[in-house]
Amino acid sequence: MGKLARGVAVIGAGMSKFGAFPDKTTRELFVEAFVEAVKSVDKGIETREIEALFLGNFSNDIFEGQVHTGPLMADLVGITPGPAMRVENACASGGAALRLGILAVASGAHDVVCVAGVEKMTNLETSRVTDVLASAADSVYEFSAGATFPGLYAEIANAHMRKYGTTIEQLRMVGIKNHENGALNPKAQFQSTIRDIMKARAERAKAKGLPAPSWKDEMDFLSDPDANPVIAWPLRLFDCSPITDGAAVVILAAEEVARKFTDTPIHVVGTGQGSDSLALHDREEITSLRAARVAAEKAYKMAGLRPKDIEIAEVHDCFTIAEIVATEDLGFFKPGEGGKAVEEGLTRRNGEKPINTSGGLKAKGHPVGATGVAQVVEIWHQLRGEAGARQVPGVEVGLTHNVGGSGASCTVHIFRR
Amino acid sequence: MEFTVSKFREFLNKRKIMAAKCKKCGVINLPPRPICKNCRSSDLEWIELKGKGKLVTFSIVHVPPTPLIAEGHGREKPYAFGVVELEKGARITARLVGFDLKKPEKIQIGMDVEAEFLEKNGKTILTFKPAS
Ligand SMILES: [Zn+2]
Chain A
17 MGKLARGVAV IGAGMSKFGA FPDKTTRELF VEAFVEAVKS VDKGIETREI
67 EALFLGNFSN DIFEGQVHTG PLMADLVGIT PGPAMRVENA CASGGAALRL
117 GILAVASGAH DVVCVAGVEK MTNLETSRVT DVLASAADSV YEFSAGATFP
167 GLYAEIANAH MRKYGTTIEQ LRMVGIKNHE NGALNPKAQF QSTIRDIMKA
217 RAERAKAKGL PAPSWKDEMD FLSDPDANPV IAWPLRLFDC SPITDGAAVV
267 ILAAEEVARK FTDTPIHVVG TGQGSDSLAL HDREEITSLR AARVAAEKAY
317 KMAGLRPKDI EIAEVHDCFT IAEIVATEDL GFFKPGEGGK AVEEGLTRRN
367 GEKPINTSGG LKAKGHPVGA TGVAQVVEIW HQLRGEAGAR QVPGVEVGLT
417 HNVGGSGASC TVHIFRR
Chain B
47 MEFTVSKFRE FLNKRKIMAA KCKKCGVINL PPRPICKNCR SSDLEWIELK
97 GKGKLVTFSI VHVPPTPLIA EGHGREKPYA FGVVELEKGA RITARLVGFD
147 LKKPEKIQIG MDVEAEFLEK NGKTILTFKP AS
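These protein sequences, in sequence, are chains A and B.
Residue numbers for the first sequence follow the numbering used here, so the first one is 17 and each next one is one higher.
Residue numbers for the second sequence follow the numbering used here, so the first one is 47 and each next one is one higher.
Because the hints were derived from the structure by calculation, they are not lab data.
Here the structure is a predicted model, which is why all the values come from computation and not from measurement.
Even glycine gets a Cβ: it sits at the ideal position worked out from N, Cα and C.
Be careful, since some hints might not be right.
What the hints assert, rightly or not - List time: in silico DSS-like cross-link candidates among lysine-lysine, alpha-carbon distance up to 27 Å:
(1) B/Lys149 to A/Lys232
(2) B/Lys96 to B/Lys169
(3) B/Lys98 to B/Lys175
(4) B/Lys123 to B/Lys96
(5) B/Lys134 to A/Lys179
(6) A/Lys232 to B/Lys83
(7) B/Lys98 to A/Lys179
(8) B/Lys123 to B/Lys149
(9) B/Lys96 to B/Lys166
(10) A/Lys232 to A/Lys19
(11) A/Lys40 to A/Lys59
(12) B/Lys134 to B/Lys67
(13) B/Lys134 to B/Lys148
(14) A/Lys179 to B/Lys169
(15) B/Lys169 to B/Lys152
(16) A/Lys369 to A/Lys179
(17) A/Lys179 to B/Lys149
(18) B/Lys83 to A/Lys179
(19) B/Lys60 to B/Lys100
(20) B/Lys96 to B/Lys62
(21) B/Lys134 to B/Lys69
(22) B/Lys100 to B/Lys69
(23) A/Lys314 to A/Lys350
(24) B/Lys83 to A/Lys314
(25) B/Lys152 to A/Lys356
(26) B/Lys70 to B/Lys98
(27) B/Lys96 to B/Lys60
(28) A/Lys179 to B/Lys148
(29) A/Lys179 to B/Lys152
(30) A/Lys317 to A/Lys350
(31) B/Lys96 to B/Lys83
(32) A/Lys369 to A/Lys350
(33) B/Lys152 to B/Lys123
(34) A/Lys179 to B/Lys100
(35) B/Lys166 to B/Lys100
(36) B/Lys123 to B/Lys69
Said to hold, decoys possible - Listed below are several chain B residues computed to face chain A (Cβ distance under 8 Å; list not exhaustive):
(37) Met47
(38) Phe49
(39) Thr50
(40) Phe104
Extracted from the complex, chain B is given alone in its bound form:
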């Protein structure tokens, strides 16, 4: 099977955001999945998405789960995550970086964001920052 979680991560490690585009209906399946979420066709192809998008929604987490506590997050050091739309209908959840989290009102739904790849424990993590 081609459109797997591990393939998606392999591409991310090469700093590529790859999605499964449906050859039948044209819908971009991001994250990739083996059967098109729109028309259920399995005739898909990889496409690379540019890392430019818009913020669909977000939150700033003050009470993190244990993996993020281990990274030093908590009430004193919250972090943000959200949903980003890269191309029509192609959305993904990701960490948001480079925002002033003390001023949540400055984070606006609909604002332009761009991908920022971070290296963590030998893995590449996809995050988004305000567009320059």
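Looking at chain A on its own, in the form it has when it is part of the complex:
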């Protein structure tokens, strides 16, 4: 097995602005993304042509006190009375919803479906969001011992640094790069480079009549414990993705009908998903995610491609260390060489393996359930040559990598123009 029964393509994609929006609920975020996705369908689509909704959502139970979000969203845009359901796989909820949508079309059960993700996180104060995110870890054996979500990735970072000599500076370079990309993405929560942020801080201090901070460069700024405080040692604020509100939508169609909607469909050529124990202490390795390696292997095999064939990738950089581990698990770099690759600029937009041109979770934002779908939105734009200022010229094969929790779930998808 490991083949789709029939071909599936992305025929439309859209996302809401990512950020903190006190006046928006999941409803408005979803509709914003949905309307953009429908508009992006080159030859147009009627909502009644969309047969089902697969909605990635992590924890609206707690964030908004509202579950049953599948039909709630479907009703808003007229996908009802077709099937509509929420898919939960922690931070990989979006990627899991995508995979189910792909399988639903590939099976022949549906010709056209909507895959979405949404999360409205900024209602709660940070300490409560910390609790909710930590519930994606093993609540009995990790959370009870004091583990937080940043704390778990800090454990991975410490182990990676110890085993391979990965440096804190290499982690910070991931953040610097992703902010440079995010600065070019109008949908990003942080449309600013680290340098922009430094300047703004210095100006604010001056305006308040405080002594102007004198950081030499980005690395100096990121080493300043006041500017960049520790969240979970060794990870600091700028190693962590933010708390974000946002939604993303893609529309999938069977290859046989895709041309009815667009002359430039983006073909799904590989899908893979893996799982692992929730708790880090139950894993055979801490410096690599087995679920990601398994998902990647399945997706590569289905696509008949190898890591070197991937021209652009959106990977799950919920923390800077996560991007380094991801690029190793995906086979772009050897185990332990992900940090060096960042340092050498290989993952920049003009490098040999551009990673997270959207700004990644770090700068674009991480509305948990939306992330796995938003990654596809970026690949859609890049492969169609519509990514504006952050376009990587001539890319035809792209990959998305979406991780749940500290690695107990992972989906990998490969797309080709």
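Here the structure of chain A is known, so what remains is to put chain B with the ligand in place on it, guided by the hints.
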């Protein structure tokens, strides 16, 4: 069912670290689970682990979740947790105590640690401290 979360906690309250050893393949399942994580056999037996181990990895948390804020933790009073390996393959996540958290570089992966049982709200909590 024998190898439950509540049984494990009952043993902890008696200051015992108990794991489910697989009679078929010998793997020590810690925390205990009803089916062996290695060979999937359900022929298991309780064994008591000595509280001596090595630090596999760790973190020092400066932004805690609400239960630890309630205990007074935060930026001014961070806490540490980590993964400890007690015997071959038998690992568990636990709080780390007795470390100088102002000097994280002194906490070394691979260092020897030993169990320290703390009493909190009528429950016994398993923590680890630097080995004496
Ligand atoms: Zn066994």
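Against the structure, the hints come out as follows:
1. B/Lys149 to A/Lys232: Holds: B/Lys149 and A/Lys232 sit about 26 Å apart, inside 27 Å.
2. B/Lys96 to B/Lys169: 20 Å, holds
3. B/Lys98 to B/Lys175: Answer holds: B/Lys98 to B/Lys175 is near 10 Å, not above 27 Å.
4. B/Lys123 to B/Lys96: Given pair B/Lys123, B/Lys96 is violated - Cα atoms ~30 Å apart, limit 27 Å.
5. B/Lys134 to A/Lys179: Judged against 27 Å, a Cα distance of about 19 Å means the pair holds.
6. A/Lys232 to B/Lys83: Measuring from Cα to Cα gives roughly 51 Å; hence the hint is violated.
7. B/Lys98 to A/Lys179: 23 Å, holds
8. B/Lys123 to B/Lys149: 13 Å, holds
9. B/Lys96 to B/Lys166: 22 Å, holds
10. A/Lys232 to A/Lys19: Roughly 53 Å separates the two Cα atoms, so the pair is violated.
11. A/Lys40 to A/Lys59: 30 Å, violated
12. B/Lys134 to B/Lys67: Distance ~12 Å between B/Lys134 and B/Lys67 Cα, so the pair holds.
13. B/Lys134 to B/Lys148: 31 Å, violated
14. A/Lys179 to B/Lys169: Answer violated: A/Lys179 to B/Lys169 is near 36 Å, above 27 Å.
15. B/Lys169 to B/Lys152: Status violated; Cα separation ~30 Å.
16. A/Lys369 to A/Lys179: 24 Å, holds
17. A/Lys179 to B/Lys149: 20 Å, holds
18. B/Lys83 to A/Lys179: At roughly 25 Å apart (the allowed maximum being 27 Å), A/Lys179 and B/Lys83 satisfy the hint.
19. B/Lys60 to B/Lys100: Given that 27 Å is the threshold and the Cα spacing comes to 23 Å, the pair holds.
20. B/Lys96 to B/Lys62: Holds: B/Lys96 and B/Lys62 sit about 8 Å apart, inside 27 Å.
21. B/Lys134 to B/Lys69: 16 Å, holds
22. B/Lys100 to B/Lys69: 25 Å, holds
23. A/Lys314 to A/Lys350: 19 Å, holds
24. B/Lys83 to A/Lys314: Holds: B/Lys83 and A/Lys314 sit about 23 Å apart, inside 27 Å.
25. B/Lys152 to A/Lys356: Since the Cα atoms of B/Lys152 and A/Lys356 sit roughly 25 Å apart, the hinted pair holds (cutoff 27 Å).
26. B/Lys70 to B/Lys98: Status holds; Cα separation ~25 Å.
27. B/Lys96 to B/Lys60: 14 Å, holds
28. A/Lys179 to B/Lys148: With Cα atoms ~23 Å apart, A/Lys179 and B/Lys148 stay inside 27 Å; holds.
29. A/Lys179 to B/Lys152: Between A/Lys179 and B/Lys152 the Cα gap is close to 17 Å, so the pair holds against 27 Å.
30. A/Lys317 to A/Lys350: 19 Å, holds
31. B/Lys96 to B/Lys83: Answer holds: B/Lys96 to B/Lys83 is near 21 Å, not above 27 Å.
32. A/Lys369 to A/Lys350: Roughly 14 Å between the alpha carbons, so the hint for A/Lys369 and A/Lys350 holds.
33. B/Lys152 to B/Lys123: Given that 27 Å is the threshold and the Cα spacing comes to 18 Å, the pair holds.
34. A/Lys179 to B/Lys100: This hinted pair holds, its Cα atoms lying about 15 Å apart.
35. B/Lys166 to B/Lys100: It holds: about 25 Å lies between the C-alpha atoms, which stays within 27 Å.
36. B/Lys123 to B/Lys69: 44 Å, violated
37. Met47: 15 Å, violated
38. Phe49: 13 Å, violated
39. Thr50: This hint is violated: B/Thr50 lies away from chain A, its Cβ roughly 11 Å from the closest one there, beyond 8 Å.
40. Phe104: The hint holds - B/Phe104 has a Cβ within 8 Å of chain A, the shortest such distance being about 6 Å.
Violated hints for the displayed structure, listed by number in ascending order: 4, 6, 10, 11, 13, 14, 15, 36, 37, 38, 39.
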